Structure formats: structure tokens, C-alpha cells
Amino acid sequence: MLEVNKINTFHGKIRALWDISLTIAEKEIVSFVGGNGAGKTTMLYTISGILHPTSGTMEFLGKRIDGMSPHQIVKMGICFVQEGGKPFPDMTVQENLEMGAYIRETWRNKEEMLEHVYNTFPLLKQRVGQLARTLSGGERQMLAMGRGLMSRPRLCMFDEPSYGLAPLLVKIFFVSIKTLREQGMTILLVEQNVRQALEISDRAYVLENGRVVLEGRSGQLLQNDHVKKAYLGL
Amino acid sequence: MRRAISKKFFYPVLVIFFSMIMVMMPPYVSPYTIILLNSIFMYIVLTVSWALFSGPTHYLSLASAAFFGIGIYVSAILGDKLPLLVVIGLGGFISFLLALLVGLSSLRLRGMYFTIFTFGLSELIRHSVQWWEVNRTGTVGRWVIGVDHTTVYYIMLAILLITLVVAYILKHSKYGLALLSIGESEEAADHIGINVNAMKIITFAISTFFMGTTGAIMATRWTYIDPSIAFNPLFSFMPVLMAIFGGIGHIFGQILGASVLTLLADVLLTKFPYYYMLLYGMILVIVVLFLPKGLTGLKEEVKKWQEGRSFK
Amino acid sequence: MRILEGEGVRKNFGGLAAIAEVSFHINQGEILGLIGPNGAGKTTLFNLISGSLAPTAGIIRFKGENITGMKPHQICKRGMARTFQLVKLFGNMTVLQNILLGSLFGTPKSILQSDAVNDSSKLLEIVGLSGMGTILAKDLTIVNQKRLEVARALATKPELLLLDEFMAGLTPTEVSLAIELIKKIRDRGITVFMIEHVMKAMMSVSDRIIVLHYGEKIAEGIPDEIATNPIVIEIYLGA
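Chains A, B and C are the protein sequences, given in the same order. In terms of my numbering, the first sequence opens at residue 2 and continues consecutively. In terms of my numbering, the second sequence opens at residue 918 and continues consecutively. In terms of my numbering, the third sequence opens at residue 98 and continues consecutively.
Pulled out of the complex, with its shape left as it was, chain A reads as follows (with noise of 0.2 Å):
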């Protein structure tokens, strides 16, 4: 579904990302670990079209993605939910999910994914009419992940999606990520919880310094050395 094939990305003068090659496939949840400052939201940046490869190539359902920008990437069907979320402040917890249903808006289609994040997520059914701004850490979060989910991607993105979460909300979303895969939705995870991320996901990538260092089946990487020493604190 998703190839990206020796892409390097620069921050400015710096390379974040050196010759970085990864596939997913359709349907599969593939995570990204890695230390802080690893490239991993570099790479999540690159494919969704905030920042452009300086090389390489990136395919998405066989069209090239590289160089297109964010709105077009978006409307391929590729959701970003970023760290922290970073909701609208001043709208509404409505507003902004409506809000992610811009680009695929129609009414019908509007009130029954509605329908279904507050399923998922029913403390924003709660605080419906609250302003963003309002929201604690954790319930931005939520929002955003809520908000990326509005427009019925193929292939989804979260950056850290346990970021300041509660144990039980964190344990809830993990759920309805596997209820998503369920769905039809591909995953991709950046998390710094390494073991929850490696045990929920099919496949992941270790990335250092901006190069896969480690790639394989998740089981096998919570099994590795390198990653129990260097990430699981083991």
C-alpha cells in the first residue's frame, strides 16, 4: 500500500533522514520506535507532505506522493494525527471533528462517522459543545485522533498516540486501533511505548539516527538484545 524507497529528508542543513526504505501493506498495523530525536516524526512529516524528500521515492496505492502537498496527500487518503493533537482551539469538540470531514464531506457520511468516534471515544461525547481550548492534554488528544478519523483514510498516522494519555484511555485506544484494522484502516504508529507499540503492531521499524536500524515482525523484536536493552530498559 505504502513504499517508500531510499528517501532522505533534510531539517534546514541537517539530514534527519537517511536513505529510508520501508513498505506496508494493506491492513497491517506497522509501528516506528525509536529514541527521541530518531527521525520518527521526520518520517511521519515527510510522507503525509509536510516536508519533502530531498531524494527518493514514496508510492501510496501506486501514485507517487512525494512532492505532492499535505491537502492532496490528505484527500489520497492518508491521515496525519499529530503529537499532542493540536486541535482548533477555539472551536468546538463538533466543530473540530467536523472539521476533518472537510475534504470527503457529505452529509450522510458526515453524521455516521461522527457517530462513530464518539463510539470510540465517548468522553468527547461528553464534552460535545466545549471549546477545544478547554480540553486537558489528554482530552486533545483524543479530539485529534477523533478529528483524524472523520475522514474515512485508508492509512492512518499517529505520533505518539499514548502522549499524556491515562492508563485506561491509553488501554481503549490500543483497542480501537485493532477495531480499525478491523475496518478496513491501515496503522501507522510512532510511539515512544515501545513494548505496548510492539505488541499491538504486525511489524515494526527501529530507527536510529535517522536509519532503520532493526526491521521484522514486532514478536521478534521484543525478543531482540539491541531493543530490550536500549528501549525496554531490560
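In case anyone wonders, no lab produced these hints; they're calculated from the structure. Keep in mind it's a predicted model, so treat the numbers as computed, not measured.
Which residues of chain C face chain A? A few of them, derived with a C-beta cut under 7 Å, are: (1) Pro134; (2) Asn135; (3) Gln182; (4) Ile239; (5) Val240; (6) Thr268; (7) His294; (8) Met296; (9) Leu334.
Glycine included, every Cβ here is placed at the ideal spot set by N, Cα and C.
Given the structure of chain A, go ahead and fit chains B and C onto it with the hints provided.
Then chains B and C, alone, in the frame of chain A:
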């Protein structure tokens, strides 16, 4: 904060050198030059004192005209009753007091709201003075005791040097650092022991002191003033433009911006009397577009352009 | 000795009680944890304690003194410091300058600039940022930014440190390092009050934990008691 020895002494030495030249100049140049230099000194003081507060804290004040104008009015009202230096001091002092009041009343305002509040206040003062003059005093304008240009020159130079010294000392002291931190995150600054409110108000008031003294001395060159001259909003906008043009982050940039723009206005006015505003505006726009950090950012921009890479 | 006490603390925003009649205390030298679902009022409680917000009702006492309604800088000078959920650094200033400001302004008696610079350099080492003094704060990674915020707070020589989600976004290995740092801080005689969602840290490092839910304290006790409390499991921990 830690600089190599040579750099630390560079600017002070430069300033001392220039001031020595300035002090010795008057007998050797034409009256026209002296008048021009007075204008340049005036704008440098307005710009540097404006940037004293607004630079590091990012609270963009558009009330400079109010404090400058108060200085002018103090001169107009008391100029014939008190010695010149006392009048100048009073101009600064009364501005300072008013600024304390303004500061206290605008504490909760941030960003755009603060800016508009200061502008509105300035206009309010202008209209209030106008109303008072018309209804209570019976006249709109006032005559000001004239003072010869050379005396104005030396007094302005003194005010300029004092302003620069104060600005420099403040910037390199722990209070200067604290002001910068207020501009970055007021809440964090408050939480590490910085009395943010007090520091904002006092710094703001200090900056207006210099504006008031400048107004008091410069009033003497106009001989006739009225509220629309004294509180002309241009005296609020120009310091901002000059600071941005020259480079708001450095005192040298503020001096440069004020000097260059004042000179430029003068040159354009004499050479292109019909188009000068247009040309002036265009130059401003071009510089701000291509040099967001002002003239002092020129070195940086050239370096960046040479290196080429940028984040799309 | 109770270094911090809150009695009947309440905070209303309009008609909504963000914090409703919460009473709590921290003993000197302990590490007290604060947990609760998102939106329970944890950061609001910190804001009330540190002076960012004034309570609608109730009293807060720090080292026996009533600090209710005091401004943050006054409270800081009395010996309390905090970090923020969303890091609030002075981004365009260097790492050292950030810490230096804490050193210069955070103590009741002013100190010599040279002493402040020395203290700040030492703090750099303690939090693990050695050699990074001249880097701009905004250019640091998130983990290092959090470390810097702690260093800056420590520079004010606090007796009580409030940590707001210090471990968020850390890998398990980084969490272990952070736990070591907190223990180091405790060993220097500083009492710690921490909000966390990372249970591994919370359970291993806290002496006691209090639980907030919809602005009310619903549980208090040692980690084992909290971990097995059925209500806490239902509303916060999950099965």
C-alpha cells in the same frame, strides 16, 4: 553573556569615539546639519527607548507619541516659568508617572490587545488635551520659548548618550535577561522568581522617561505646538519601523535604523519632494520583505543565501 | 513535618467546579504521586498550588505559611518550583541562560553572577545535559528540554518540586533514567509532588499516591493500595 574581550569593548569604544566627534562638531558645520543631527538624535532616543521595553518582551507599544507629547506640553506650559533643565527633567518624570498608571491598567492585556490599547490611549490623551485646551484654556495651540539650535544639540546629545548607556547596561544585566525571558514565557519567568508585573511596568516607565525628556527639549524647535503636532501618531509608529528596519535585537541596529531612516527621509524630501512618501514606503517594504531581521540581519541573510539549503 | 497542605481547596470556572473541596498534604522528604483520568483537574491543582491560579475557596499552606492567592514568583522565592506539562522554556536563549535565570532570581537573597554561573554548570551535569550549555533551548530534543526545565527549577533551590508529566513521551529506558533523576533529587532533600500517567514510574518511586476524578480526591494511599483499588482500576488503570 560571556564575550571575547575585543567584542565586549567594541561598541562602548565606538560610542565614545563618535560622541567625542559629535561634541566637537557644532562650530565646524552648518546650522542645517545641526538641525538634521538634532532630528537624528531625537529619533534614535525614541527608537532605543521604545525598544528597551518592546524589544525583549514583544509587547508592542504604540503609545510613544503620548509620552513624547507630554514632554512637549510640559515644555510649552512651564518653559517660561522654570529653568530649561528642570523642565526637561519634569517632562521625563511626568511621562514616567503616567506610564506607571498605564502599565498598571494594562497588566492583563497581551499581544494585539496591548498594542491596540496603547494606541487608543495615545489618541485618548491627544483628544483630552485638545478638549482641555479648547474648553478651559481657550486656545488650541501654544507658543514655546525658542532655544538656539546648538543648545538643543548638546542637550539632545546628552540625553542620547544617557539613553544608550542605560539601554546597554540594562541589556547586559540580569534584568535584561529577565526581560527576554518574559518575552519567551511569562508564566515560566514568574515561576522562577521574576516579578513579571513589576518588571514590565517599571521597564515601560523607564523607557517613557527618555521619550518625555526628548519631547521637552525638542518642543523648543517648533515654537508653536498644538495637540495634533505634539501627539502625532507618527511618533508612535516611526520608532517601531526604525527598530525593525535596523534590527530590533541589537542596540546598534536600533541606532542604525533610526539614523538611516531619518537621513533617508531628509534626502528624499529634498530631492524628490513630490514622490518622497512613495519612495520612502517602498524602501521600507523592500527591506522588511528581504531582511526580516533588519539591516543588522544582512550579514546572516547573505550567509544563508550562499549556503542555499532550506526547508520547504 | 507537612511541607504542603491544602484544606478544602476549590476552583470554579464559571459554574463548573474544576477542583471541588480537595484536601491533601505532603510530608517533607516524600515523593507524592498524583494520578487521575484526563481532565480530572491534576494540572489545575498544580496551578492552584504554584500560584498560577487563585483558589475560589480553601487554604493552601506551604511550610506552615498561608500562600493562598500569592503570585508564583513569591511562592518560588519561598522554596517551591515546578515544571509544566507542555514545556515552557525560554526557547531563544541558551541552555545555560535558562538555568542561570532560575539561579539569579529564584532565591530570596540575590547571589553573585559568578556563583550563579557555577551553580548552573553543576546543574547541567546533574540532569545529564553536560556540554550543551551553549545550545539554544528550542533546538533541544523533547527529552532534553524536559531535563532543562527540571534544571531550571532546581536552580531556584526549591524545597518542594512539582513535576507535571515529566515522563510523558519517554521510552521505557528513558523512563528508568528519569526515575534515577527523581531519586537523586529526593536524596538532595527535595520533596517531590508528581503528576504522571506512566505507571511504572509512579508505582516504583512514589511513597504515597492520591487520585483525582472530576475534581475530587477519590483515593489516597501507598502504591499497592492504589493499584488494587477497584474504583481506581475502573476509572483510570483499566483491567
